[in-house]
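2 protein chains.
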Amino acid sequence: MNNPVVEANGFDFSVDKAVKIAVAKGDGIGPEIMDATLRILNAAGANIEPQFIDIGEAAYLSGNTSGITEQAWLTARQNKVILKAPITTPQGKGYKRLNVTLRKALGLFANVRPVMSLHPFVDTNFPEMDVVVIRENEEDLYAGIEHRQTEDVVQCLKLITRPGCERIVRYAFEYAKAYGRKKVTCMVKDNIMKLTDGLFHKVFDEIGEEYPNIEKEVQIIDIATARVAARPQDYDVVVTSNLYGDIVSDVVAEIAGSVGLAGSANIGKEVAMFEAIRGSAPDIAGLNIANPSGLINAAVMMLAHIGQHEVADKVKNALLATIEAGYHTTDIYSKGRSVRKVSTSDFADEVIARLGNKPENLKESRLSDGSGLIQIPEYRRVETKKELVGVDVFLDWRDDDANQLGTALNTIGAYGLKLKMITNRGVKVYPEGLPETFCTDHWRCRFVSTETEIKSANTSYKTIDFAQVVDLLSKLNQKDFEVIKTENLYDFDGQRGFSLGQGE
Amino acid sequence: MNNPVVEANGFDFSVDKAVKIAVAKGDGIGPEIMDATLRILNAAGANIEPQFIDIGEAAYLSGNTSGITEQAWLTARQNKVILKAPITTPQGKGYKRLNVTLRKALGLFANVRPVMSLHPFVDTNFPEMDVVVIRENEEDLYAGIEHRQTEDVVQCLKLITRPGCERIVRYAFEYAKAYGRKKVTCMVKDNIMKLTDGLFHKVFDEIGEEYPNIEKEVQIIDIATARVAARPQDYDVVVTSNLYGDIVSDVVAEIAGSVGLAGSANIGKEVAMFEAIRGSAPDIAGLNIANPSGLINAAVMMLAHIGQHEVADKVKNALLATIEAGYHTTDIYSKGRSVRKVSTSDFADEVIARLGNKPENLKESRLSDGSGLIQIPEYRRVETKKELVGVDVFLDWRDDDANQLGTALNTIGAYGLKLKMITNRGVKVYPEGLPETFCTDHWRCRFVSTETEIKSANTSYKTIDFAQVVDLLSKLNQKDFEVIKTENLYDFDGQRGFSLGQGE
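Just so you know, the protein sequences line up as chains A and B, in that order.
Per this note's numbering, the very first residue in the first sequence carries number 454; after that it's consecutive.
Per this note's numbering, the very first residue in the second sequence carries number 454; after that it's consecutive.
By construction, these hints were calculated from the structure, which means they are not laboratory data.
Just so it is clear, the structure is predicted and the values come from calculations on it, not from any experiment.
Careful: at least some of the hints might be erroneous.
The list treats identical chains as one, so a pair stands whether inside a single copy or across any two.
[Unchecked claim] Result set (BS3-like, lysine-lysine): computed pairs, CA atoms no more than 27 Å apart in a straight line:
1) 871 x 928
2) 932 x 839
3) 932 x 838
4) 915 x 928
5) 838 x 928
6) 549 x 655
7) 635 x 669
8) 647 x 546
9) 647 x 932
10) 655 x 546
11) 811 x 655
12) 871 x 838
13) 549 x 647
14) 816 x 788
Make a model of the complete structure from these sequences and hints.
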């Protein structure tokens, strides 16, 4: 075992040299808003050295199916920090989405989306909200492992891993610490998914103990999403798995009303990427009217990531002060509350003029109150005693009398194995099923050692050998049962590593 | 194959005899609000014959672990319609949740949750909302099939079935037709889960064609949930799978601000159950102050279900008129907008006094505009040509060099099978993996026929025999590879029934 060291952030803060940043100007409004952003960063004294890279439309059209040139790829990986303007993916088949490529290739495990109300300058029902959603970005159902197994049934695997959970939960607490935040809320559905979501919850509790000064809470995802939608001001940092995070982060952005002004980060083991959430808006490209706030917010996150918190605060507070002063680009301009409609470059000038100022009513950025550097330790696998105690064999069987199937399987005569139960869509149908249960053609048949004494929930499983499973599969095949898949049953340190059937 | 006929609703409307209803008075405030509701139904001329059944706390404590007596069980199944007040589940181990038992045992496949704004009598940001969420209730991740397979990885199966999709989608369209609704929105994540959520989407499109007068739309669940939270008034009927429906129905109820006033239905093949969403509130039991609106709304749904639409309209409109008139129970009483604070029984009297009235501002119920009876046809399995073309074998392997694993597997020498690729958490790591990909101890190794020519996406898979899979597993076991699970790969009518690896 030789896992790579996981560090969200490995910069040398001891010397005063400029941090090299890979900067992608992007497509559409990209170049305009990037110029505006870089001018502000420069005026604020950010100690960075931009190195421009070619990604996006031109790269796609010159034959790079992932939208990034070889040279850009090299620069991005060397510099480890990417600031990215929106890009355009050309129409047509064969083009891969650049963000998916970057996320997969660079192991960007955390998606970070801070959303803050800009009330009364942007309409929202929630003037007090200031939420950061930290979403696991590599696993869960989004691993995309799907199989159609019978006429009736298709399956997708939800994979939750301990290293995945540890990394994202650790990042959330470290983020809270670094950014001076008070509370982390974990969202799961472990009342139903006791093993997968249960693992996420457990890791949250374990790692949370190391952060006594941060308030912790765990909520069930359905109620949690409803509460976020109704009272987002009750939340601070949210950490959750991939699918839930996808939903919750969209809810938060939508109800804030300021999705076009938000930035986001994708954080990896070594590399991190910062970008605006908004698209490249080719219809207004070159008109010098786009709102650069999303990219400015992304740049603020980048500065915090590389440890330049004071500059980050300076930029963010000047941005807020400019919005408060009523200098608005067309997207948020409104006669009553705006003072002047400004262009992209004028907006940047107004922000630069306010560097050093603080907002009067909007919430001041105080990143420098946080602890700075985010540290993610290397994953260490803890070895436990793993024992094979049975197997779930799934059959495609097109009759509907579970007792008939059960009786037939009882006579299969596999070496040292016996049928314990059959379920259909998770509901026990043998032995002692209910006549009302509708059955598909997808039957899960649980086999255990003939030495296992079966007495409801307290069953103590005896170990078996995988050769017995092979023998069982062979016999089932000989007797014309159609095996479609298997899942081994394991105990880990004597703890059952599998769920019981509903009704088992 | 002999699947049962699926009918949400099989009542004899030709004769004028009363429909027998199993009525559970429940615990806590249950008896009070049930009495109020039944008095109203009686006064409105509902043609029903209540038969009281024992479920809940007393049944639990007298030794029925599911909270329902044998006799109650019999009556409920005979009558096929259950009106249920809230119950109390006693503290302590071994008690099963009654609703889960009923849902599983009776095959209640659809959960129906209408939520309507009662603005300005109940606070909400969304005065115009009137949404019904129809949620699949039997499958998806909630089948609860979970396995821990390695030190690092736990898995939950998401199962989506064609009969499950057909039934819930059909129910949603039939509901829209029966209740005079205009639009059905399907929510899925089929840009990621192309096979499972793709099936739900496909069935929605297929069945939707039979309802030309109903507007149809399909939305991606993350954006959809965000839009529901921000603009619920844009939605009418929503149909979705179990987990998504769990989240969306909670969001809708929460932002309406009237969750305590809502009813819900659980609809099965033969049996249907109607109840208030609220709990039994033992703290205010016997005080005659509880708001019976949730149960009255459930009763209105029940009347519509058994075809008594005019009575349903009459009750619902009198309920709305009473709320408009300012007669409010303590839970929604407020000095400014209420006229009088009323008890549970007084509230029922006020509703009865208004039978025949219509609301002036709140939206009038016009169920009788709908088509009435909901019909769900029997599921008919369409047989296609199913061919085994490979197998995904999952290994527990604790090193991290995918090339080493790939090389070893290439020499395994299973009869007529060869390694096509290896993925880790869905990302291809062999051949031609990327060095940055973090690997867990959970490796998916795809084997196909040695006769299959591998040329990227256009691979044409050759059929194999399951005996070859058994041979492969045996050889892997002999060479000390730890097989943890398998997933067969099938073509259906020549169409690939499995997803490719990311990067495959």
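Consistency of the hints with the structure:
Taking CA atoms no more than 27 Å apart as the test, residue 871 paired with residue 928 passes in both settings, with 13 Å inside one copy and 24 Å between copies. In this assembly of identical chains, residue 932 and residue 839 lie within 27 Å of each other by CA distance solely across copies; the values are 19 Å between and 32 Å within a copy. For the identical chains of this complex, residue 932 and residue 838 are inter-copy neighbours only, at 21 Å across copies versus 35 Å inside a copy, given an alpha-carbon limit of 27 Å. For the homomeric pair residue 915 and residue 928, the shortest alpha-carbon distances inside one copy (21 Å) and between copies (24 Å) are both at most 27 Å.
Taking the shortest alpha-carbon separations for residue 838 and residue 928, only the inter-copy value of 24 Å comes in at or below 27 Å, while the best intra-copy value is 30 Å. Taking the shortest Cα distances, residue 549 and residue 655 sit within 27 Å of each other only across copies (24 Å), while inside one copy they are farther apart (36 Å). For the identical chains of this complex, residue 635 and residue 669 are intra-copy neighbours only, at 9 Å inside a copy versus 44 Å across copies, given an alpha-carbon limit of 27 Å. When the C-alpha separation of residue 647 and residue 546 is checked against a cutoff of 27 Å, the pair qualifies only between copies, where the shortest distance is 17 Å, while the shortest distance within a copy is 41 Å.
Taking the shortest alpha-carbon separations for residue 647 and residue 932, neither the intra-copy value of 36 Å nor the inter-copy value of 34 Å comes in at or below 27 Å. Within a single copy, residue 655 and residue 546 get their C-alpha atoms only as close as 43 Å, which misses the 27 Å cut-off; across copies the closest is 22 Å, which meets it. In this assembly of identical chains, residue 811 and residue 655 lie within 27 Å of each other by CA distance neither inside one copy nor across copies; the values are 41 Å within and 53 Å between. Only within a single protomer do residue 871 and residue 838 lie at most 27 Å apart by alpha-carbon distance; the minimum there is 24 Å, versus 32 Å between protomers.
Proximity of residue 549 and residue 647 under a CA criterion of 27 Å is satisfied inter-copy only: 16 Å between copies versus 36 Å inside one chain copy. For the identical chains of this complex, residue 816 and residue 788 are intra-copy neighbours only, at 24 Å inside a copy versus 35 Å across copies, given an alpha-carbon limit of 27 Å.
When each numbered hint is compared with the structure, violations occur for hints 9, 11.
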